[in-house]
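Asker: Using the sequences and the hints, build the whole thing.
Line by line, the protein sequences give chains A and B.
Heads up, the first sequence is in the numbering used here, so the first residue is 1196 and it goes up one at a time.
Heads up, the second sequence is in the numbering used here, so the first residue is 1196 and it goes up one at a time.
Don't take every hint at face value.
Identical copies go unnamed one by one, so any copy, or any two together, can satisfy a pair.
With a straight-line Cα cutoff of 20 Å, these simulated SDA-like cross-link-like pairs (lysine to any residue) come out [unchecked claim]:
hint	residue 1	residue 2
1	Lys1217	Gln1206
2	Lys1217	Glu1207
3	Lys1389	Arg1322
4	Lys1217	Pro1269
5	Lys1265	Ser1388
6	Lys1217	Gly1377
7	Lys1375	Thr1390
Keep in mind the hints are simulated off the structure, nothing from the lab.
There are 2 protein chains.
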Amino acid sequence: MLIIGNPRNQQELSGRWRRAGKRIGLVPTMGSLHEGHMSLVRASLRSCDRTVVSIFVNPIQFGPGEDLAKYPRPFIRDCALLRKAGVDAVFHPSPSAMYPPGFSTSVEVSGTVLSGLCSPFRPGHFRGVATVVAKLFNSVRPDAAYFGAKDFQQAEVVRRMAADLDMGIDVRVLPIVREKDGLAMSSRNAYLSKTGRYAATVLYRALRAGRDKIVSQEGDIRAVKRAIRGVLGREPLARVEYLEISDAGTLEPLSSLGGRVSPTFGGRVLMALAVRVEGTRLIDNMCVRVPLGRYRRQIRRK
Amino acid sequence: MLIIGNPRNQQELSGRWRRAGKRIGLVPTMGSLHEGHMSLVRASLRSCDRTVVSIFVNPIQFGPGEDLAKYPRPFIRDCALLRKAGVDAVFHPSPSAMYPPGFSTSVEVSGTVLSGLCSPFRPGHFRGVATVVAKLFNSVRPDAAYFGAKDFQQAEVVRRMAADLDMGIDVRVLPIVREKDGLAMSSRNAYLSKTGRYAATVLYRALRAGRDKIVSQEGDIRAVKRAIRGVLGREPLARVEYLEISDAGTLEPLSSLGGRVSPTFGGRVLMALAVRVEGTRLIDNMCVRVPLGRYRRQIRRK
Chain A
1196 MLIIGNPRNQ QELSGRWRRA GKRIGLVPTM GSLHEGHMSL VRASLRSCDR
1246 TVVSIFVNPI QFGPGEDLAK YPRPFIRDCA LLRKAGVDAV FHPSPSAMYP
1296 PGFSTSVEVS GTVLSGLCSP FRPGHFRGVA TVVAKLFNSV RPDAAYFGAK
1346 DFQQAEVVRR MAADLDMGID VRVLPIVREK DGLAMSSRNA YLSKTGRYAA
1396 TVLYRALRAG RDKIVSQEGD IRAVKRAIRG VLGREPLARV EYLEISDAGT
1446 LEPLSSLGGR VSPTFGGRVL MALAVRVEGT RLIDNMCVRV PLGRYRRQIR
1496 RK
Chain B
1196 MLIIGNPRNQ QELSGRWRRA GKRIGLVPTM GSLHEGHMSL VRASLRSCDR
1246 TVVSIFVNPI QFGPGEDLAK YPRPFIRDCA LLRKAGVDAV FHPSPSAMYP
1296 PGFSTSVEVS GTVLSGLCSP FRPGHFRGVA TVVAKLFNSV RPDAAYFGAK
1346 DFQQAEVVRR MAADLDMGID VRVLPIVREK DGLAMSSRNA YLSKTGRYAA
1396 TVLYRALRAG RDKIVSQEGD IRAVKRAIRG VLGREPLARV EYLEISDAGT
1446 LEPLSSLGGR VSPTFGGRVL MALAVRVEGT RLIDNMCVRV PLGRYRRQIR
1496 RK
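Answerer: Below, the structure written as structure tokens:
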């Protein structure tokens, strides 16, 4: 397994592979790998001839007061995992290789995908994400790139950017991988104490309560949100940052469950939330298909 | 010569060429081709195996009240010129192929290259340029791209963007091509009446006066600007939008000719101006090497 330290060398490597007709997959990560990342790696290994995993804790997507300094960086352990999995190359540039003096370009997505969710709480975050992913895409020039659905908005921002800038890259978004108790896997889970770790299961429990409410068609969108907030409210360590129910295709907040939603995700709605537990910001989400039936009739009655 | 109408087809064509080991050159234009463009085309034909010329009048780089609607589009004539020159493909997407509904990504360069010159007079212009050039680069995936020095700031914005986003593209900037009387070639010269056309030669005459002043070391930067404005002032049809003397490498405005300038352009300074003649906005510029000697001694004395 090769370890590549700067964009130019990665380009040369990818160029060689491309000229040999190889299909290249990229899994962009910030390292501190868990089963969520490894599910992306395996997907790439299955459908590509060469798999590159990038490990780069991207400073420009962290806001002031966020956890850039303390973000875990177990590089040796990560490399061992990736080598064992059969990855071909780890792209691991330094911050100064990515952002040399004079660097002054940014890539920004606007529009509905940034109308809510994490965007208002992390100003500049998605500009930092779009910029670094554009650089990673240009360095690796993959045919396909793999992202996890836990960062649902991030994946949609990347998909939008890749399409808008004609990058010709197939952006794949894979399901959230969860611990046995339902907690979505995240490198940030390591910040939690034992008590906090238990409290963190409230995100998944709350989303399930919301899904049950939608599937049973027992109430309107306010009732669904009440059900989710009810579960969250019973966990004293949880401080809710946002709870939104959006169109899973456009990420626009919904005001009712009866309206048309974009067909992108099979007409699904997205329930998404961010919750702080012991100061650690955790996010989770769930896509649910809204049953035809009562919700549609509600609309027709209006 | 192939005529390609959308990014995906261009990508396929370029992909075929790249797999065959061909070096690809791109000349991005808005059409209405003149000898300035053709000098870029010939440079690409000389050093690349395949040359693509893009013809796209990019709506997002025109501000409100600018000449988007009336910009000349003699596509058939342009194609005849390019076929005769030996160009391999014309990439000619429609605005809706480039900006389909939902398009919402922009690429923006900030920093010193945008500190002056055209930037304050055309808000959003260089964001439009960077965005469309990123798309053209991703569609054509050239090894080298050719730009004219008349749009000096544009070329520097593109160079900065390509480097910052790791595009791996060699951005070449070729000298201004002038009419016999010195007027820099531009598609917009066609807007001028016969009187206006004569008046327009004042830009080059003014720049030469500035160059003579610098080379002869007869005065400081204010004296150079006075010499340039003197020539411009004698042409009643010319309305000066800006006149700047900048570091040709960083595009930062200079306050003296004796200081250090960036080595990018061999320590040259850039004299640049924008002038309206009969409402038509004309730009021109000249790079001059500042003689060691009196200017340096001036500094030492301070």
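Asker: Against this structure, judge whether each hint is valid.
Answerer: Hints and how they fare:
In the homo-oligomer, the alpha carbons of Lys1217 and Gln1206 lie at most 20 Å apart both inside one protomer (14 Å) and across protomers (17 Å), since each shortest distance falls under that limit. Taking CA atoms no more than 20 Å apart as the test, Lys1217 paired with Glu1207 passes in both settings, with 14 Å inside one copy and 16 Å between copies. Taking the shortest Cα distances, Lys1389 and Arg1322 never come within 20 Å of each other, neither inside one copy (34 Å) nor across copies (49 Å). For the identical chains of this complex, Lys1217 and Pro1269 are neighbours neither inside a copy (30 Å) nor across copies (42 Å), given an alpha-carbon limit of 20 Å.
Within a single copy, Lys1265 and Ser1388 get their C-alpha atoms as close as 15 Å, which meets the 20 Å cut-off; across copies the closest is 66 Å, which misses it. Taking the closest pair of Cα atoms, Lys1217 and Gly1377 never come within 20 Å of each other, the shortest separation being 37 Å inside a single copy and 52 Å across copies. For a Cα distance limit of 20 Å, the shortest separation of Lys1375 from Thr1390 inside one copy, 17 Å, qualifies, whereas the shortest one across copies, 81 Å, does not.
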